[in-house]
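What follows is each chain in one-letter form.
Number of protein chains: 2
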Amino acid sequence: MRIPNSHPRKASLEVRHGLTEGYKKGLVAEAGLIAHGRGECFDYLLGEKTSLQAATAEKAAAAALLSAENPAISVNGNTAALVPGGSVNLARVTGSKLEVNLFYRTKKREGLIGKALKKAGAGKVYGLSKKHRIPGLGGERANVDDAIWKADVVLVPLEDGDRTEALKRMGKTVIAVDLNPLSRTARKADITIVDNVVRAIPNMIKHARQLKGKDKKQLAQILKNFDNKKNLEASERLIRSGLKR
Amino acid sequence: MRIPNSHPRKASLEVRHGLTEGYKKGLVAEAGLIAHGRGECFDYLLGEKTSLQAATAEKAAAAALLSAENPAISVNGNTAALVPGGSVNLARVTGSKLEVNLFYRTKKREGLIGKALKKAGAGKVYGLSKKHRIPGLGGERANVDDAIWKADVVLVPLEDGDRTEALKRMGKTVIAVDLNPLSRTARKADITIVDNVVRAIPNMIKHARQLKGKDKKQLAQILKNFDNKKNLEASERLIRSGLKR
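Taken in order, these protein sequences are the chains called R and W.
If you count the first sequence from 1, you need to add 107 to reach the working numbering.
If you count the second sequence from 1, you need to add 107 to reach the working numbering.
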């Protein structure tokens, strides 16, 4: 379907189209369509743009990835469908490893997402053979590969709350992208980016490029100045006040 | 996928799972998945529980169905997937007729929903042959069967704004279940229940059982005391101000 240029919500409809295409290709789970619908609602209340709070979190996130010893980026179905190239570029700019990591896991879907990332230019893609288990999680969801297992800083766009908590318990610094500031993921992460992943990833790349030359001290100062709790509360106020006629 | 008992948001994920299962069975439309996501967003902002306002509206709704001459319950795909047994029980307790009524209508989906309701214990299910047209609506959406056509009071869980308005123009009392207090359906209905349908239907059954012995005067008093505009405004304030965590 082509959406006419005149449509005022063309951008949002094109993102939705990208997701349904990803669903048809087998990258996205049915539950991923619902999750996207929830995200659209929060995004609508945010005015469908990157807030000042989100921009601040995106800069802190870039600083955290650049400061890390072993940064990793977790990629699920929705992320692979919406920002495959962005995920690969962010990994390259920040020296992060990419790991496919699904909540509704099937071998087939993992393989398709791995291929999509390769097609978008990725080098090694982790997560296609799981070698480790995250303590305190039951079932398939506990399995991870070397990238997330060894990471000191991990970016989880669109992650489940349970897994975010388990990653935190392992002592990792968790960066989340979540349009819902009330989710457990949002509340448990160290840096929560309340923004649409299609804006958040390009913004993080931009910040990472700008920060790449800076020394460790400057990056540490950015992280020290960032207060996730206050930032989240401000995002929540923004969303609730966005509910106007 | 089985969601482990330990997951703190098991209930919400199971509802989501029920909907994706309904989608795979052909009961739910693609648009129904996205609409459910939007509902989840508002439900999050409400704290995922029945508010005092919603409970009041649910009691008034039960009184309205019990007071009606010809009450009807409209069932769409999401309702059939999420609360088939609840819909059938509510119809039984309140003496309402059940009518399958879809926005994205196909013969096949109508038939599947009819079967799902029968399997859940329904007697006669209306809506599988449409005999009448709602004035002022174009296309397939205008067609209804005897239950909605003759109803003086009609419950429309998760209904489109256009149809809600058309039912109102026919002089019917409309009860809506809608998590978005700003939707046209929410604003046009006589009784608007701002609650998740998986909580609203069981709550209405409970109220209907308690009210069933009462005389018409007592039911009329409950309806007289109910002010939908004020109730809706209170729900909206609740969402805007947020619940304490």
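One thing to keep in mind: the hints can contain errors.
For chains that are exact copies, the list does not tell them apart, and a pair is met inside one copy or across any two.
What the hints assert, rightly or not - For lysine-lysine, the following DSS-like pairs were computed, each having C-alpha atoms within a straight-line distance of at most 27 angstroms:
(1) K295 with K117
(2) K131 with K324
(3) K215 with K324
(4) K117 with K336
(5) K319 with K237
(6) K132 with K275
(7) K117 with K214
(8) K215 with K117
(9) K313 with K231
(10) K156 with K331
(11) K117 with K275
(12) K215 with K156
(13) K132 with K225
(14) K337 with K156
(15) K222 with K324
These aren't lab readings, by the way, just hints derived from the structure by calculation.
All values derive from a computational prediction rather than experimental measurement.
Comparing the hints with the structure gives:
1. Proximity of K295 and K117 under a CA criterion of 27 angstroms is satisfied inter-copy only: 18 angstroms between copies versus 33 angstroms inside one chain copy.
2. For the identical chains of this complex, K131 and K324 are neighbours neither inside a copy (46 angstroms) nor across copies (53 angstroms), given an alpha-carbon limit of 27 angstroms.
3. In this assembly of identical chains, the alpha carbons of K215 and K324 never lie at most 27 angstroms apart, being 44 angstroms within a copy and 62 angstroms across copies at closest.
4. For a Cα distance limit of 27 angstroms, the shortest separation of K117 from K336 across copies, 25 angstroms, qualifies, whereas the shortest one inside one copy, 33 angstroms, does not.
5. In the homo-oligomer, the alpha carbons of K319 and K237 never lie at most 27 angstroms apart, since the shortest distance is 31 angstroms inside one protomer and 58 angstroms across protomers.
6. For the identical chains of this complex, K132 and K275 are neighbours neither inside a copy (33 angstroms) nor across copies (38 angstroms), given an alpha-carbon limit of 27 angstroms.
7. For a Cα distance limit of 27 angstroms, the shortest separation of K117 from K214 across copies, 24 angstroms, qualifies, whereas the shortest one inside one copy, 34 angstroms, does not.
8. In the homo-oligomer, the alpha carbons of K215 and K117 lie at most 27 angstroms apart only across protomers (25 angstroms), although the nearest pairing inside one protomer, at 32 angstroms, exceeds that limit.
9. Only within a single protomer do K313 and K231 lie at most 27 angstroms apart by alpha-carbon distance; the minimum there is 23 angstroms, versus 57 angstroms between protomers.
10. In the homo-oligomer, the alpha carbons of K156 and K331 lie at most 27 angstroms apart inside one protomer (26 angstroms), although the nearest pairing across protomers, at 37 angstroms, exceeds that limit.
11. For the identical chains of this complex, K117 and K275 are inter-copy neighbours only, at 20 angstroms across copies versus 38 angstroms inside a copy, given an alpha-carbon limit of 27 angstroms.
12. Taking the shortest Cα distances, K215 and K156 never come within 27 angstroms of each other, neither inside one copy (34 angstroms) nor across copies (37 angstroms).
13. Within a single copy, K132 and K225 get their C-alpha atoms as close as 15 angstroms, which meets the 27 angstroms cut-off; across copies the closest is 34 angstroms, which misses it.
14. For a Cα distance limit of 27 angstroms, the shortest separation of K337 from K156 qualifies both inside one copy, at 20 angstroms, and across copies, at 26 angstroms.
15. In the homo-oligomer, the alpha carbons of K222 and K324 never lie at most 27 angstroms apart, since the shortest distance is 38 angstroms inside one protomer and 66 angstroms across protomers.
Checked against the numbered hints listed earlier, the structure breaks hints 2, 3, 5, 6, 12 and 15; every other hint is satisfied.
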